[in-house]
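Let the sequences and hints guide you as you build the complete structure.
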Amino acid sequence: MRAPWTPLLLAALAAPALAEAPDTGFEAVREGLLSPGRGARESAEKSAREIARTDPFGVAALWDRLDLEGRCLLVRALGAAGTRHAAEVALERAKDAPEEVFRALLDGLAEGGETSLFAPDPEGLPSARAKALDDLRFRYRVEDELARLKSTSGPTGHYAGQFKRVKDLGPRAVPILLDILMDRAVSMPGEGAAGPYRGIHPGLLAFDPQELRGLTAYGIGEVVERDDRATIARLLDLCNALSGTRGSDVRFEREELAPSIAFSLHDLGVPGPAQRYINDLRHKLDAGRLSGVEELDAMWDLAFACIRVGRHDEGVDYYLRILDWSPNKAIVAYNVACSFSTRAAETRDARMRGIFRREAVQFLAQAIEEFNYGDWKWMEEDGDLSFIRDDPKYQELLRYLQRKYPERKKGNVLKGRSVLAPK
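If you count the sequence shown from 1, you need to add 62 to reach this note's numbering.
Because the hints were derived from the structure by calculation, they are not lab data. Certain hints may be false.
[Stated by the list, open to error] For each label pair, taking beta carbons as the anchor points, the in silico distance ranges come out as:
(1) Lys455 - Ser353: 18 to 28 Å
(2) Leu128 - Arg234: 52 to 62 Å
(3) Arg296 - Lys226: 16 to 26 Å
(4) Glu161 - Ala222: 40 to 50 Å
(5) Ala303 - Pro271: 17 to 27 Å
(6) Gly265 - Ser353: 36 to 46 Å
(7) Arg296 - Pro160: 29 to 39 Å
[Stated by the list, open to error] Below 20 Å or equal to it, Euclidean Cα-Cα: the simulated PhoX-like pairs (lysine-lysine) are:
(8) Lys212 - Lys226
(9) Lys212 - Lys157
(10) Lys212 - Lys229
(11) Lys439 - Lys455
(12) Lys439 - Lys391
(13) Lys212 - Lys455
(14) Lys455 - Lys466
(15) Lys439 - Lys466
Ideal Cβ positions, reconstructed from N, Cα and C, are used throughout, including at glycine.
Shown next, in the form of structure tokens:
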């Protein structure tokens, strides 16, 4: 059990010991933090992180000898050390320090990860700073839920209910999702933000940035409440703006992000953008001016869009029309299986439920046995298939894939798209 001493008392006790038996590494840190040169100070800050993991009170003993910049580097090193004790010392030092020092502390805690971020607040922490810490910790929790959604075997697909745990965090999660969706940096207290979104949860590093934005665009409709008119209006403006972009450098925003936002708006009771997207795809196909590859892309997108807004018959029909000539037959058959499984779960008609269930299993078997679909880990994660997981044939297919692919590899890229994933 830890003795009930305060960090300040421990720091005071640690200082004489250091004076009696100076450590070469510690002396270099002290000299670097006291140096007038910025490069020497930043190098010392990196070294201080290592020492702070085992001797946070010794590092903190330098506090009274440092200027403002040195104190910023010191608390950032303590916060980034990744231990609870070092974070506690940093919080105690920075709670009443100038705003620049507290911002440096937030940077350090964010870098230090969960152990640093969730160290207990010191007594007497001003309410505004307690709120800033709480906001940072909440952002970490949101990112933690997003990291849980990353497929362990490759690209992450989509399914209804995927964002339930994010929704359970409440409406505070919405602004964070919007920042990710718009790839907009989050500002720390007292300073502006510039540049792309930078996650503080290590799990977000597993995502391709476009994959994360696409996932967020698809799922934000599950988190936003239908009476949140302000957020819905922002999503609508963003969807319209991205839909009208031109140029190859914004192809992802126009062809992937905008439709996903439109589908989320459809879930929120604003069907216009999704319907316009479907109508535009149909018009392109009816005009008869597309090349073979362009026609395949348009029909693929149309199939997905129809299923996404609940028009399963149309979507399955488009998928079946491209099944014979698509280079990705396995994904086509897989998506059809997901459509039938979803319909089986939603219908109240027992006879139709049985029909849809059999169709789902049949197309999943075709995807695996005929077209070599192999991502059994995602198959097990995919909520759209939850209604057929107790089917004996599903279990047989799962065991077959587990034997064939004991370790799944990363997925492949399709054309200019960021990922190739089911749905």
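Hint-by-hint comparison with the structure:
Range check, Lys455 to Ser353: Cβ separation about 39 Å, and the 18 to 28 Å hint is violated. Checked against the given bound of 52 to 62 Å, the beta carbons of Leu128 and Arg234, roughly 36 Å apart, lie outside it. Judged by the Cβ atoms, the range 16 to 26 Å given for Arg296 and Lys226 holds: they are separated by roughly 23 Å. Here the CB-CB span from Glu161 to Ala222 is close to 44 Å, well matched to the stated 40 to 50 Å.
Look at Ala303 against Pro271: about 19 Å separates their beta carbons, and that is inside 17 to 27 Å. Taking 36 to 46 Å as the suggested C-beta distance range, the pair Gly265 and Ser353 conforms, at roughly 40 Å. Range check, Arg296 to Pro160: about 35 Å between beta-carbon atoms, so the 29 to 39 Å window is met. Under the criterion of a C-alpha separation no larger than 20 Å, the hint pairing Lys212 with Lys226 is consistent with the structure, at around 14 Å.
With a C-alpha separation of about 36 Å, the suggested pair Lys212 and Lys157 falls outside the 20 Å cut-off, and the hint is violated. A threshold of 20 Å between alpha carbons decides the hint, and for Lys212 with Lys229 the separation of about 17 Å falls inside it, so the pair holds. Between Lys439 and Lys455 the CA atoms are separated by roughly 17 Å; this keeps the pair inside 20 Å, and the hint holds. As the CA atoms of Lys439 and Lys391 are separated by approximately 19 Å, the hinted pair is consistent with the 20 Å bound.
For the proposed pair Lys212 and Lys455, the alpha carbon gap of about 27 Å is over 20 Å, so the pair is violated. About 17 Å separates the Cα atoms of Lys455 and Lys466, which keeps this hinted pair within 20 Å; it holds. Only pairs whose Cα atoms come within 20 Å are accepted, and Lys439 paired with Lys466 is accepted, the gap being roughly 12 Å.
Of the numbered hints given earlier, the model fails hints 1, 2, 9, 13; all others are met.
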